[in-house]
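Read off the chains here:
There are 4 protein chains.
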Amino acid sequence: MHEGSTLLGRFFKVREATQSLVQPLALEDMVVQTMAAVSPPKWHLAHTTWFFETFILQQKKGYRLFEPEFRYLFNSYYEGVGPYFPKNKRGTLSRPLVSEVMAYRAYVEDAIKRFAGEEDAASLELGIQHEQQHQELLLTDILHIFSKNPLTPVYKEACLPRANEPPLLSMLPFEGGVRSVGYAGKGFAFDNEQPCHEVLLAPYRLSSRLVSAGEYLAFMEDGAYDDPLLWLSDGWDWLKKTGVRAPLYWARLPEGGYEVMTLHGRVQLDLHRPVCHVNYYEADAFARWMGKRLPTEFEWEVAAAELHPSGHFMEEGVYVPFASAASKEELGQAFGDCWEWTSSPYVPYPRFRPFSGAAGEYNGKFMVNQLVLKGGSLGTPKDHIRASYRNFFPAETCWQFSGIRLADEGAAS
Amino acid sequence: MHEGSTLLGRFFKVREATQSLVQPLALEDMVVQTMAAVSPPKWHLAHTTWFFETFILQQKKGYRLFEPEFRYLFNSYYEGVGPYFPKNKRGTLSRPLVSEVMAYRAYVEDAIKRFAGEEDAASLELGIQHEQQHQELLLTDILHIFSKNPLTPVYKEACLPRANEPPLLSMLPFEGGVRSVGYAGKGFAFDNEQPCHEVLLAPYRLSSRLVSAGEYLAFMEDGAYDDPLLWLSDGWDWLKKTGVRAPLYWARLPEGGYEVMTLHGRVQLDLHRPVCHVNYYEADAFARWMGKRLPTEFEWEVAAAELHPSGHFMEEGVYVPFASAASKEELGQAFGDCWEWTSSPYVPYPRFRPFSGAAGEYNGKFMVNQLVLKGGSLGTPKDHIRASYRNFFPAETCWQFSGIRLADEGAAS
Amino acid sequence: MHEGSTLLGRFFKVREATQSLVQPLALEDMVVQTMAAVSPPKWHLAHTTWFFETFILQQKKGYRLFEPEFRYLFNSYYEGVGPYFPKNKRGTLSRPLVSEVMAYRAYVEDAIKRFAGEEDAASLELGIQHEQQHQELLLTDILHIFSKNPLTPVYKEACLPRANEPPLLSMLPFEGGVRSVGYAGKGFAFDNEQPCHEVLLAPYRLSSRLVSAGEYLAFMEDGAYDDPLLWLSDGWDWLKKTGVRAPLYWARLPEGGYEVMTLHGRVQLDLHRPVCHVNYYEADAFARWMGKRLPTEFEWEVAAAELHPSGHFMEEGVYVPFASAASKEELGQAFGDCWEWTSSPYVPYPRFRPFSGAAGEYNGKFMVNQLVLKGGSLGTPKDHIRASYRNFFPAETCWQFSGIRLADEGAAS
Amino acid sequence: MHEGSTLLGRFFKVREATQSLVQPLALEDMVVQTMAAVSPPKWHLAHTTWFFETFILQQKKGYRLFEPEFRYLFNSYYEGVGPYFPKNKRGTLSRPLVSEVMAYRAYVEDAIKRFAGEEDAASLELGIQHEQQHQELLLTDILHIFSKNPLTPVYKEACLPRANEPPLLSMLPFEGGVRSVGYAGKGFAFDNEQPCHEVLLAPYRLSSRLVSAGEYLAFMEDGAYDDPLLWLSDGWDWLKKTGVRAPLYWARLPEGGYEVMTLHGRVQLDLHRPVCHVNYYEADAFARWMGKRLPTEFEWEVAAAELHPSGHFMEEGVYVPFASAASKEELGQAFGDCWEWTSSPYVPYPRFRPFSGAAGEYNGKFMVNQLVLKGGSLGTPKDHIRASYRNFFPAETCWQFSGIRLADEGAAS
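Protein chains in written order, with my numbering: chain A, 1 to 413; chain B, 1 to 413; chain C, 1 to 413; chain D, 1 to 413.
The reader is advised that the hints may include incorrect statements.
Identical copies go unnamed one by one, so any copy, or any two together, can satisfy a pair.
To be verified - Quick list of in silico lysine-lysine cross-link-like pairs, DSBU-like style, CA-CA up to 30 Å:
1) LYS186 x LYS292
2) LYS292 x LYS148
3) LYS113 x LYS156
4) LYS241 x LYS87
5) LYS382 x LYS87
6) LYS60 x LYS186
7) LYS292 x LYS113
8) LYS240 x LYS186
9) LYS87 x LYS186
10) LYS156 x LYS292
11) LYS60 x LYS113
12) LYS61 x LYS240
What the hints contain is simulated information worked out from the structure, not anything from laboratory work. If you're wondering where the values come from, they're calculated on a predicted model, not measured in any experiment.
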């Protein structure tokens with residue numbers, strides 16, 4: 001496959017983009033892990049490389065593994081490939097060194113250029129998409145790592161302007177009926193977005209924008225974290241077990257008010273930006289407090305597709321009516337737009353078929369005990385933002401860029 | 001409310017039925033708890049009584065609580081009512097004595113007769129339905145308690161006939177289309193079965209009967225418990241954590257073959273009866289091994305309603321095509337019919353409204369991280385078996401009477 | 001062995017005494033277990049019986065086990081005998097029934113009469129001593145079981161007189177020198193009290209009585225539970241983990257003051273009686289707060305032996321200078337005398353030889369990570385109170401009848 | 001204090017020695033933590049610096065803290081100084097960077113030169129001794145970190161000669177009597193070695209050398225890890241919980257035999273060298289298997305002092321009769337001499353007085369639930385090897401350089 005080809009060109013561009021994300025980090029930042037769900041940045045760099053090696057190169061005659069032990073160290077969860085190093089111990093590994101991981105990246109990139117042929121187009125595309133998913137995870141993990149450090153390091157210096165007051169939150173009506181969902185285009189889509197199929201929706205309404213930090217603060221100040229009747233039972237148990245009293249990264253100041261930990265360091269809470277880093281329990285409780293509910297994934301998708309027929313509504317530069325008031329210029333700004341929790345458990349679509357081969361474990365085996373999130377965040381690569389994209393996390397997940405959009409059934413109509 | 005009324009008559013009948021279920025138990029059996037999900041039989045007797053006291057009597061002028069501390073001790077999970085004793089410690093309570101619990105039952109029954117009026121009909125009905133649900137739990141919990149005792153006590157002596165070879169498992173086709181689901185009748189239904197609404201189904205097939213123990217054994221003997229590719233990721237983690245190698249209550253004999261713990265004591269495994277006490281992960285893995293899947297709750301419900309237009313298909317005495325080969329004469333026989341795992345996470349129906357008042361916590365707050373089961377078991381009171389009934393448990397649940405029905409999309413048609 | 005013999009006579013007397021201890025209990029009280037260290041009363045009754053069966057009867061030709069499964073169920077920790085049921089699950093066993101345990105007791109007692117000969121004298125003596133140790137454990141466990149029940153049951157109704165103000169706590173001097181410790185008499189002693197050997201003591205002083213509840217309250221009111229510098233590191237960790245703020249069984253009243261849970265139910269705290277149910281960390285911290293320390297086991301033993309040359313100083317009816325002010329008429333009174341924590345880790349005496357055979361596991365294998373307690377409590381059978389007796393528990397143990405005596409080096413003399 | 005003074009000179013020498021120990025490490029190795037008991041090398045470098053800053057500089061007028069947050073981050077456990085970062089999370093801290101820690105070291109060293117006066121001699125000495133203790137911990141922690149990495153890094157390349165067969169293990173007799181123990185010299189000693197006092201010993205024997213790996217292998221091959229009767233009860237629980245089957249760092253080869261992880265990487269097990277990295281339970285079980293026991297700390301100390309009247313028996317270059325067969329040229333060789341487990345729980349000496357001030361927490365608060373080890377290892381700074389030195393660790397500790405010397409009572413003499 002020659003570099004001039006679009007696919008290979010995108011491969012190198014994505015690989016480079018990943019490395020540019022860790023450029024602001026010190027070597028020490030690359031190694032640590034602050035909770036089981038977080039991976040050290042170094043691990044992301046190596047695992048995305050392992051993905052290309054495992055799903056493309058390993059089968060090639062003449063290809064020699066960079067280091068056989070990496071098969072084990074950088075396999076995330078592919079049982080079909082073999083055993084893997086425990087996820088919650090990744091931060092105990094000082095070796096391979098960062099320089100060795102970088103050499104691994106270069107070695108595999110070079111090999112892709114030499115070995116990958118037309119027959120690898122699908123795998124190469126999957127590897128590119130996979131690496132882009134890890135680009136967002138790199139940012140969420142770096143933020144978590146920095147947030148847990150009493151020295152509160154800064155990923156990227158920036159002076160964030162205060163946001164303007166957001167427009168009134170209004171409820172936009174959508175028609176029901178039999179509607180098509182799932183990916184129907186000609187580009188790449190994950191197995192979990194397919195097959196395209198029909199669902200029946202009752203008429204519904206969605207909020208014109210995400211819930212703001214100020215609105216969420218009103219919920220807190222109304223005693224929501226002390227009122228079990230607002231919470232799902234598992235959510236209330238989670239509150240009691242963790243003692244959580246505010247969204248992750250909010251810190252109450254002695255003099256009143258809140259600071260928030262961001263990729264730009266600790267900043268004053270901006271009440272006009274969307275609330276971020278809430279988990280499903282918090283999003284669900286907030287909606288109940290508002291007398292509303294969270295949208296289903298299909299309500300969200302149908303509305304998004306309608307408003308952005310291209311299916312890639314971010315391309316237009318606006319995100320209306322899903323857009324927040326925040327400008328999107330800066331990656332990783334204090335409050336970005338957020339993934340939006342839906343009330344839909346993550347289950348397979350009718351006639352779902354996993355990717356073939358070992359990649360079949362990519363999505364399918366996680367289809368229980370998780371919820372679907374739709375949309376994207378400012379950490380999401382642009383071409384991952386499409387109406388059919390299904391992000392998913394367990395209900396207690398806070399460290400993703402996740403926020404709240406509301407839904408209801410509309411007037412008595 | 002006078003006893004002659006149908007409702008009050010049913011109240012006493014159900015109360016009596018509960019007590020007849022514990023009649024075979026020794027006093028010691030009433031007290032113990034073998035895991036957090038199990039409650040001591042004594043606790044079920046008291047909690048169902050507490051339910052009537054709390055939701056009907058407590059509001060009545062002139063009613064005096066039997067024992068104020070019972071508000072705390074026998075509240076299960078109603079935050080709106082007040083704090084409650086920790087669920088996993090119920091087996092540490094030697095007091096109140098069984099005789100005191102029985103006196104509590106009599107006291108409340110008498111008070112219902114004296115205090116309950118027409119305005120309590122809905123609450124009384126709910127309390128009756130609630131107590132019937134605990135009748136099944138009594139049986140599942142007694143079985144668990146006895147199964148963990150090396151002396152393997154017998155709940156009810158019985159000599160079970162060997163079942164005949166089950167009929168061939170065939171796949172019955174059902175049409176798709178926009179179909180109505182949820183309870184639409186005039187009798188009682190839980191809030192979670194409502195409101196009745198429409199769903200869109202693609203054509204599908206359901207297996208003509210439950211999976212048999214013999215079929216499940218073939219899955220085991222094919223190495224299924226050692227093959228991660230058959231399992232959901234959470235299911236594989238559950239297997240590794242617990243070391244499970246067979247359905248709960250199966251015990252491998254030194255000479256080969258299996259015995260099963262039942263309410264009739266340990267008996268030889270009957271390969272012709274439905275496999276029971278499998279959890280969602282096992283049901284899902286079995287279906288995958290078969291090249292099939294589990295049905296959704298709506299596929300199940302539509303098929304059931306079609307075959308049994310009354311909505312109470314057990315009334316006819318047969319359970320076709322959902323029936324197993326087992327006779328139903330005996331409550332708690334070795335292998336009864338089973339609740340059937342569906343692939344549907346337990347979520348609210350569109351426009352779901354919880355019961356009003358404190359009973360609003362009955363179902364709604366559990367609508368996350370659980371799966372819907374349909375049908376009923378031989379431990380289920382007959383009038384709880386209806387197409388719209390939604391039972392629900394977390395995926396790892398084994399100690400309920402739960403089995404497997406298969407689904408697929410049918411031929412290329 | 002005929003009943004007339006002293007030994008057999010004592011056997012029956014001790015067996016009867018055990019049963020009289022559970023006489024005030026309801027059947028339900030016999031079954032439950034409130035923490036891993038506590039055993040259900042029923043279990044004590046069966047285990048002490050198992051001891052005679054295992055160490056005497058099982059070897060006898062013609063003896064038939066009462067129930068073979070009891071070998072497993074009522075073995076406490078004797079690896080040499082075989083596997084044993086998990087200690088922390090004893091409260092999950094509803095069977096054998098209490099009536100069956102009583103039949104087991106009668107069966108074994110009868111068999112002892114028929115089978116035991118002169119050659120069994122040592123084992124019979126050990127079994128008697130063992131059962132007496134469990135008599136105290138029965139009381140400590142019943143108290144714990146009742147204390148955890150919101151209905152606060154009463155083991156024995158009694159109206160406790162308020163104690164008189166205790167005499168001034170003074171420090172009594174003892175000479176140092178080479179002194180003999182360990183059991184040197186002709187009666188029974190445990191292997192861990194032997195062999196008698198010499199130790200070198202520096203001159204020391206012991207407090208004239210146990211620390212009173214009032215004195216302990218002063219320690220609490222001085223902020224001791226918030227001052228890490230008073231505590232051993234493990235003790236401070238224990239405080240932070242458990243949130244303990246007072247001795248076990250003390251409950252702060254809304255109106256101020258404390259109630260205490262006792263075998264006579266909840267009673268007002270009597271400041272004049274010895275503080276009880278403190279663990280080693282609390283005893284050690286109190287002593288540090290007083291500018292003193294806990295005695296070593298040898299300092300305690302030498303002083304006791306000196307004051308009570310008989311070695312059985314309780315026989316005199318007084319406990320001077322070790323006596324508290326409390327009268328001893330009532331077993332299980334609100335505050336009894338207490339076992340006294342020493343600063344001595346529980347280690348073997350020089351040339352220690354465990355009992356022979358399977359009984360070798362009786363004491364020896366526990367000689368690490370525990371502390372020695374000396375003296376006895378009002379729950380201790382009288383003939384177990386001797387200067388050389390070594391009780392032992394881990395440092396965090398609170399549910400025993402354990403109190404505080406102080407020591408120091410005396411004046412600059 | 002001018003640099004020419006002996007004390008300040010030693011300060012700089014020790015500081016330099018610490019840094020030379022991390023010289024072979026990569027930056028990534030400095031950051032990670034493989035279990036709660038292990039600290040990242042970076043942390044050791046910072047904490048030893050914090051010690052000088054906290055106990056000397058902080059009080060000085062004109063001294064400015066390098067970074068106020070370090071008070072919290074690098075406090076190990078001194079409650080009197082203030083709160084401290086959780087020990088088990090040290091490996092989650094990417095900041096401060098290694099370069100910043102090095103700057104911290106230089107800053108504090110410079111300040112010591114400028115601020116420390118004669119009045120600080122005791123604190124400076126303590127800080128030096130403290131840092132030397134951490135030099136050994138650096139080596140034990142690096143070994144643990146490398147041992148857990150599948151890439152098995154090497155701390156120091158070396159080609160170890162095979163050891164000669166060790167001399168026969170004989171038992172050397174020592175007289176009993178009243179003997180003096182504890183530090184009586186004029187140099188530095190820790191508070192826990194004092195005061196010097198007399199103890200009474202019965203005659204005893206100690207083994208002429210440490211137990212070899214070959215002897216320990218015989219114990220393993222005799223089924224010791226499967227025989228509960230050889231183990232303390234807590235030790236048997238530890239075995240069952242962990243599944244341990246051999247000393248830490250031993251790895252069974254598929255073709256038979258063992259490799260051992262060392263600071264020189266993985267090497268073949270040398271049966272002639274002392275067994276190392278056994279915990280107290282293993283040492284105790286081995287001694288029992290041999291029909292012997294472990295020595296008390298005083299038996300060990302009296303014997304050592306007798307053989308090496310200087311009290312610094314390593315100075316002579318030989319370690320007879322305590323010496324192993326291993327040469328001592330290389331620091332961190334595959335099997336060094338080892339700290340020797342004693343049967344003595346770590347308790348205060350009579351009339352023990354902790355260091356004054358905040359340093360009072362140095363040793364005293366750990367005097368429960370730990371055992372004393374005597375001697376030293378090849379990781380121990382030479383001037384820390386003295387007869388009175390008391391090292392201490394909990395019984396389950398494996399990752400220290402810890403081995404076995406035997407004791408008994410000798411012939412019937």
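Verification of the hints:
{"no.": "1", "hint": "LYS186 x LYS292", "in the structure": "between (36 Å within a copy, 29 Å between copies)"}
{"no.": "2", "hint": "LYS292 x LYS148", "in the structure": "neither (34 Å within a copy, 42 Å between copies)"}
{"no.": "3", "hint": "LYS113 x LYS156", "in the structure": "neither (33 Å within a copy, 38 Å between copies)"}
{"no.": "4", "hint": "LYS241 x LYS87", "in the structure": "both (23 Å within a copy, 15 Å between copies)"}
{"no.": "5", "hint": "LYS382 x LYS87", "in the structure": "within (28 Å within a copy, 41 Å between copies)"}
{"no.": "6", "hint": "LYS60 x LYS186", "in the structure": "within (28 Å within a copy, 67 Å between copies)"}
{"no.": "7", "hint": "LYS292 x LYS113", "in the structure": "neither (53 Å within a copy, 40 Å between copies)"}
{"no.": "8", "hint": "LYS240 x LYS186", "in the structure": "neither (47 Å within a copy, 40 Å between copies)"}
{"no.": "9", "hint": "LYS87 x LYS186", "in the structure": "neither (35 Å within a copy, 53 Å between copies)"}
{"no.": "10", "hint": "LYS156 x LYS292", "in the structure": "neither (37 Å within a copy, 50 Å between copies)"}
{"no.": "11", "hint": "LYS60 x LYS113", "in the structure": "within (12 Å within a copy, 63 Å between copies)"}
{"no.": "12", "hint": "LYS61 x LYS240", "in the structure": "neither (56 Å within a copy, 36 Å between copies)"}
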